[in-house]
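If you're matching them up, the sequences are chains V and P in order.
Going by my numbering, the first sequence opens with residue 1, and the numbers climb by one from there.
Going by my numbering, the second sequence opens with residue 1, and the numbers climb by one from there.
Misleading hints may appear alongside valid ones.
[As the list claims (entries may be wrong)] Heads up, incomplete: computed chain P residues facing chain V, CB under 7 angstroms, no partners named:
no., residue
1, 45
2, 47
3, 79
4, 147
5, 163
6, 167
7, 201
8, 202
9, 207
10, 217
11, 227
12, 231
13, 233
14, 234
15, 244
16, 246
[To be verified] Straight-line distance between alpha carbons at most 30 angstroms, and here's what the computed DSS-like set of lysine-lysine pairs gives:
no., chain 1, residue 1, chain 2, residue 2
17, P, 94, P, 106
18, P, 193, V, 182
19, P, 193, P, 211
20, P, 211, P, 106
21, V, 182, P, 211
It is worth saying that the hints were derived from the structure and are not from the lab.
Even for Gly, the Cβ is constructed at its ideal location relative to N, Cα and C.
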Amino acid sequence: MEYRPFWLRRLHSVTGLVPVGAFVLFHLFANARALQGQLRFEALVERLQSLPGLRALEIGLVFVPLAVHAALGVQIASRARPNLGVYPFPRNWSYVLQRVTGVVVLVFLLFHVGTMRFEVARGRMRPVDFFPVLCDTLSATGAFGIPMAAAAYLTGLAAVSYHLGNGIRGFCFTWGLTPSPKSRRVAGAVGTLIGLVAFFVGARTVVYYATGGAG
Amino acid sequence: MSARGREAGRLVVRVIRGGPGSLPRIEEHSAVATPGLTIGGLLDSLNETLAPLGPDGAIAWGPSCADGTCGRCTLLVNGVARAACLTPVDAISKKNRPITLAPLSKFPVVRDLVVDKGRLDDDLRRTHAALPSPPRSRTEPAPTLADALSRCTGCAACLEACPEYGPGSGFVGPAVLGQLARRVLEPDESPRKEGRLDAAQGRGVVSDCGKSENCVEVCPAGVPVVDGIETLARLLTARLFERRRAGAE
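All chains should be built: construct the whole structure from the sequences, respecting the hints.
Next up, the structure:
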């Protein structure tokens, strides 16, 4: 009997929640420290940078689980044959949006990590530069005065928030924690609440940077 | 034939007909809509006119028990999987839309609206599950989850609606998962429970459910398939921790 697909599906499920989902919430709340000003934000960055074994923690608790979750997620999404046009039910919408937002999150993270964390790894940026770089990047406007980078961040943030919130319900389903319609509704409500909180916290920070760190 | 779906109580009905080795063709017919007419009744009335035309005249679509218990009249009504004997024409033919009847798209066509659901039988056998015989009536109370799951008639509406199930997919589909859950839950099947849980953990079974929950939306018998799938997932989770605990001891 072939059990590998079962274990891979459970691995995909658990990596999405812990540690990736937990890191997302930590990351958003940590970055919200910027709202208290550049000095408070940089003090937090310095404290985090001085954590023993930070590189190992980043790789083991963030990068590897995220890569595993993304790779398995792309495989799951590639199998889907959406039929929203014929069956436009709410949960079918969630099914499609979970896969779409997963891809959007992947693209956004490649952009976000590539322009921030990898620049630090390459020695082209220091952690102390995060605040001014984000202020400059997110407040810059393009054609018609549209802050394109801020719009991209808000889009990515919306995708992350939806994917996390809906993913919490999906985690409960995968592990059989919600075997009744009522328990699935509760899980959905909890996931929605967490997703909304994540979006609200992250969006406030993006808007703060987009207004030059003065809003 | 008028482009309007309904004129003075008349319906335009388009039927996708054909069989293996032939290209499907669309036949357009006119029928009279009477109050309470079902899709099954509509097909019967069309066949009263078509049957005398020869052996290939009548539209193949059943046979049907006419009360939703045999599961053999499922077809696509304007693209949506429905039981012909339970679907009122009035619920479908709105705003002058013609009614289009087609065979289920995820199974090989035998003739006209009849498909070969052999894959469902194969997957039931592979997972040591089986359809209830006879299925519990939709109107009969179902005190337990196993009772509710025993309403399944094998109509395959859930398989048609499932975005993970199809000719290129190895997924057994919601109907099989529901019946596997029923067999696992039934007390007199407890000696075979471990073997069925092993099957549930295998390739193409529980792990392939995509959680669209279309199955419960389209099921004409009201089978709580999603409850059954999650129950299997819960039992597998419990077994995982039991085995870890046993291994640790």
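Going through the hints against the structure:
1. For residue 45(P), the interface hint is violated, the least distance from its beta-carbon to any beta-carbon of chain V being 26 angstroms, above 7 angstroms.
2. For residue 47(P), the interface hint is violated, the least distance from its beta-carbon to any beta-carbon of chain V being 27 angstroms, above 7 angstroms.
3. Because the closest C-beta pair between residue 79(P) and chain V is about 5 angstroms apart, less than 7 angstroms, the hint holds.
4. Given the 7 angstroms rule on beta carbons, the hint for residue 147(P) is violated: about 15 angstroms separates it from the nearest Cβ of chain V.
5. At a threshold of 7 angstroms, the smallest CB-CB gap from residue 163(P) to chain V is about 5 angstroms, leaving the interface hint in force.
6. Look at residue 167(P): its Cβ only gets to about 10 angstroms from chain V, farther than 7 angstroms, so that hint breaks.
7. Interface hint status for residue 201(P): upheld, as the beta-carbon distance to the closest one in chain V is roughly 5 angstroms, under 7 angstroms.
8. The restraint placing residue 202(P) at the interface with chain V holds, with a minimum CB-CB distance near 5 angstroms, inside the 7 angstroms limit.
9. Because the smallest distance between the Cβ of residue 207(P) and any Cβ of chain V comes to about 4 angstroms, under 7 angstroms, the interface hint for this residue holds.
10. Because the beta carbon of residue 217(P) sits about 5 angstroms from the nearest beta carbon in chain V, less than 7 angstroms, this interface hint is met.
11. The interface hint given for residue 227(P) is met, as the beta carbon of that residue sits about 6 angstroms from the closest beta carbon of chain V, less than 7 angstroms.
12. With 7 angstroms as the threshold, the beta carbon of residue 231(P) comes within range of chain V, its nearest partner Cβ sitting at about 5 angstroms, so the hint holds.
13. Here the hint on residue 233(P) is kept, as its CB sits about 3 angstroms from the closest CB of chain V, short of 7 angstroms.
14. Against a cut-off of 7 angstroms between C-beta atoms, the interface hint on residue 234(P) holds, since the closest Cβ of chain V lies about 3 angstroms away.
15. At a threshold of 7 angstroms, the smallest CB-CB gap from residue 244(P) to chain V is about 13 angstroms, leaving the interface hint violated.
16. Annotation: interface hint on residue 246(P) violated; nearest CB of chain V at approximately 18 angstroms, more than 7 angstroms.
17. With a C-alpha separation of about 27 angstroms, the suggested pair residue 94(P) and residue 106(P) falls inside the 30 angstroms cut-off, and the hint holds.
18. A C-alpha spacing of about 27 angstroms is found between residue 193(P) and residue 182(V), which places the hinted pair at or below 30 angstroms, so the restraint holds.
19. Under the criterion of a C-alpha separation no larger than 30 angstroms, the hint pairing residue 193(P) with residue 211(P) is consistent with the structure, at around 24 angstroms.
20. Note on residue 211(P) and residue 106(P): the hinted pairing holds, with a Cα-Cα distance of about 19 angstroms set against a maximum of 30 angstroms.
21. For the given pair, residue 182(V) sits about 16 angstroms from residue 211(P) by alpha-carbon distance, which is consistent with the 30 angstroms threshold.
Against the hints set out earlier in the document, violations occur for numbers 1, 2, 4, 6, 15, 16.
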